[in-house]
Amino acid sequence: MQTINSPAAWFSRLSPGRRRFLLAFTGGILATSGGKAAPADADPWPALAGQIFPGKTLQDGSALLAIDAPYRAEDAAVVPVTLRTILPADDHRQVRSITLVIDANPSPLAAVFTLAPGSGIDRIATRVRVDDYTNIHAVAELSDGTLWAAARFVKASGGCSAPALKPVAGDIPIGTLRFRLFPAGEDGRREAQVMVRHPNYSGMQMDQISRLYIPADFVQTLTVRQGDDLLLTIAGGISISENPSFRFSFRPNGGKSFRVEGADSTGKRFSGTFPVDSAA
Amino acid sequence: MICCLATVLLKCILYQRGRAAFAVVVTLALAGCLPARAQDTRLTIVKIADGIYVHFGNVALTTPGNAGDIANLGIVVGHDAVAVIDTGGSVAVGKALLAAVRGVTALPLRYVINTHEHPDHVFGNAALAGPGVTFVGHHNLPASLRAHGPFYLHSFRPALGDAAIGQVRLIPPALLVDGSKELDLGGRKLLLTAWPPAHSDCDLTVLDEQAHFLFAGDLVFLDHVPVIDGSLNGWLSLLPRLAALPADRVLPGHGQRIAPWPQALDDERRYLLSIQADARRMIAAGTPLAEAVPFIGRSERGRWQLFDDYNPRNATAAFSELEWE
Numbered sequence: 001m002q003t004i005n006s007p008a009a010w011f012s013r014l015s016p017g018r019r020r021f022l023l024a025f026t027g028g029i030l031a032t033s034g035g036k037a038a039p040a041d042a043d044p045w046p047a048l049a050g051q052i053f054p055g056k057t058l059q060d061g062s063a064l065l066a067i068d069a070p071y072r073a074e075d076a077a078v079v080p081v082t083l084r085t086i087l088p089a090d091d092h093r094q095v096r097s098i099t100l101v102i103d104a105n106p107s108p109l110a111a112v113f114t115l116a117p118g119s120g121i122d123r124i125a126t127r128v129r130v131d132d133y134t135n136i137h138a139v140a141e142l143s144d145g146t147l148w149a150a151a152r153f154v155k156a157s158g159g160c161s162a163p164a165l166k167p168v169a170g171d172i173p174i175g176t177l178r179f180r181l182f183p184a185g186e187d188g189r190r191e192a193q194v195m196v197r198h199p200n201y202s203g204m205q206m207d208q209i210s211r212l213y214i215p216a217d218f219v220q221t222l223t224v225r226q227g228d229d230l231l232l233t234i235a236g237g238i239s240i241s242e243n244p245s246f247r248f249s250f251r252p253n254g255g256k257s258f259r260v261e262g263a264d265s266t267g268k269r270f271s272g273t274f275p276v277d278s279a280a
Numbered sequence: 001m002i003c004c005l006a007t008v009l010l011k012c013i014l015y016q017r018g019r020a021a022f023a024v025v026v027t028l029a030l031a032g033c034l035p036a037r038a039q040d041t042r043l044t045i046v047k048i049a050d051g052i053y054v055h056f057g058n059v060a061l062t063t064p065g066n067a068g069d070i071a072n073l074g075i076v077v078g079h080d081a082v083a084v085i086d087t088g089g090s091v092a093v094g095k096a097l098l099a100a101v102r103g104v105t106a107l108p109l110r111y112v113i114n115t116h117e118h119p120d121h122v123f124g125n126a127a128l129a130g131p132g133v134t135f136v137g138h139h140n141l142p143a144s145l146r147a148h149g150p151f152y153l154h155s156f157r158p159a160l161g162d163a164a165i166g167q168v169r170l171i172p173p174a175l176l177v178d179g180s181k182e183l184d185l186g187g188r189k190l191l192l193t194a195w196p197p198a199h200s201d202c203d204l205t206v207l208d209e210q211a212h213f214l215f216a217g218d219l220v221f222l223d224h225v226p227v228i229d230g231s232l233n234g235w236l237s238l239l240p241r242l243a244a245l246p247a248d249r250v251l252p253g254h255g256q257r258i259a260p261w262p263q264a265l266d267d268e269r270r271y272l273l274s275i276q277a278d279a280r281r282m283i284a285a286g287t288p289l290a291e292a293v294p295f296i297g298r299s300e301r302g303r304w305q306l307f308d309d310y311n312p313r314n315a316t317a318a319f320s321e322l323e324w325e
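One line per chain: the protein sequences are A and B, in this order.
With full-length UniProt numbering applied, the first sequence covers 1 to 280.
With full-length UniProt numbering applied, the second sequence covers 1 to 325.
Treat the hints with care, as some may be off.
[What the hints assert, rightly or not] Partial pick of chain A residues on the chain B-facing surface, computed with a CB cut under 8 Å:
hint	residue
1	43
2	68
3	152
[Said to hold, decoys possible] For the chain B half of the interface with chain A, some residues (derived, Cβ under 10 Å), not all of them:
hint	residue
4	161
5	162
6	290
7	316
Simulated from the structure, these hints should not be mistaken for laboratory data.
All residues carry an ideal CB built from backbone N, CA and C; glycine is no exception.
Using the sequences and the hints given, assemble the complete structure.
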């Protein structure tokens, strides 16, 4: 048996069903396979880390990886989170993947971002649902296979904004893609934003009358290519907000267009090609 | 273990400066129903017109101290029966509302109308349930309560306390309004109108056609900053239709005063337009959500109570919605 030495690779080699299960129900596995239930206030992270990165050592990545998020989540349904990697200039390792985990959510594993070699991605912003007071963890996997974890605490504000299941206003079809390019920064990188019109139903809500769970329907994979080159692959879970948005830095390669392809957990596929000129 | 003692005090006060209109004020003290720290729940109602009473909730966030008494409530008494509009943010407030009804009439309570799904308007429902009582709401309200109710029960536990949350039952409406529906209380008709997403996904207004008095629910905010949990553009596009309702006065969902109609919409319209313009400008400039939020609606700061509590989330919701225009 070959060893799976990277979470991204491990993740990509799982069967689609197993991947879907992990992204949707990580918390459920913990709850059912952990034997005696842990106290509600116990830190879920050690068990989560062991489950998502089995047999791996996570080092303190606070110098390599930053998580920007509001301390108080104003809108529990849409909490902006930005992941930044800050490798020293003389460090020639690259970031291979970043795993985003929202510890206290029903489905903690929010997303796995796989960064193509040479993509120059050092910043990824998305929006997540936060159900409770929770730590958010990001784990960067470097090209030497080492794993580095950083954490940030977020306080869900409660209030009337429930984190899920708002009806999609208007008549924009599910799976509609939007793509924007933003001006170049000083270091030559640009930023792009991919948006997917999608309710990203969690499947965790129980119908209080029928006692049945509403089936999950969420954006599961997205790939972004710049010209012919793969730029970014995203495996998403149900903790990503409705109408998922991903904004990331990258190094332009001269490609004339971007290609975005995605699929949701029901098998629906969507794609779009966006010329550089028209996307700005 | 716990007994509830209700004392009803009746007194007359002068209502509405400059007018010789007298109102009956019913102050109801509920002692012993809540944990000691929650103090007494007092519910004061004001007579607005013959058969119409309102309660002004606190302009505040829910705390154990106010037991979720933060939304305005209404009582309408016909010749045959009574309707209440919203039930407050806890069963204690709902009980106090029922006691207030009993303080003004012995007629049966026939309808409990929920203007939308938010906890401060529906958590008191259980106190008013009983034989002959029909719950009424927007046709989307059952689905909204199913989808969001468990989250509300979880997220309001710290604000209300375990005992108060333990009493709450999410009671969906049995009588659904799609479009409009008339309820007859005997010699008094209420016109209920269900609206498309605006403040929430399930906003319902109640118009007393005889008194030209509108119970707007949270489609109208006065003094308390508006809260966007449905659709900003939907709300703005609704304002002209709301303004056309044949009312003279309105009880807002939040804000401790009765206001003339449709002038009562002016502040809210200005706020919503400001949020819309700021968010559109930020989106066009390519400003990321997290950086844009502090700048959205900033000119309205100082004009509203609870601005810092709700404006950032309004800004977030507006940005997320308008990004897809």
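To see whether the hints hold, each was checked on the structure:
| no. | hint | in the structure |
| --- | --- | --- |
| 1 | 43 | 19 Å, violated |
| 2 | 68 | 7 Å, holds |
| 3 | 152 | 13 Å, violated |
| 4 | 161 | 13 Å, violated |
| 5 | 162 | 13 Å, violated |
| 6 | 290 | 4 Å, holds |
| 7 | 316 | 4 Å, holds |
In summary, the structure is inconsistent with hints 1, 3, 4, 5 from the numbered list given earlier, while agreeing with the others.
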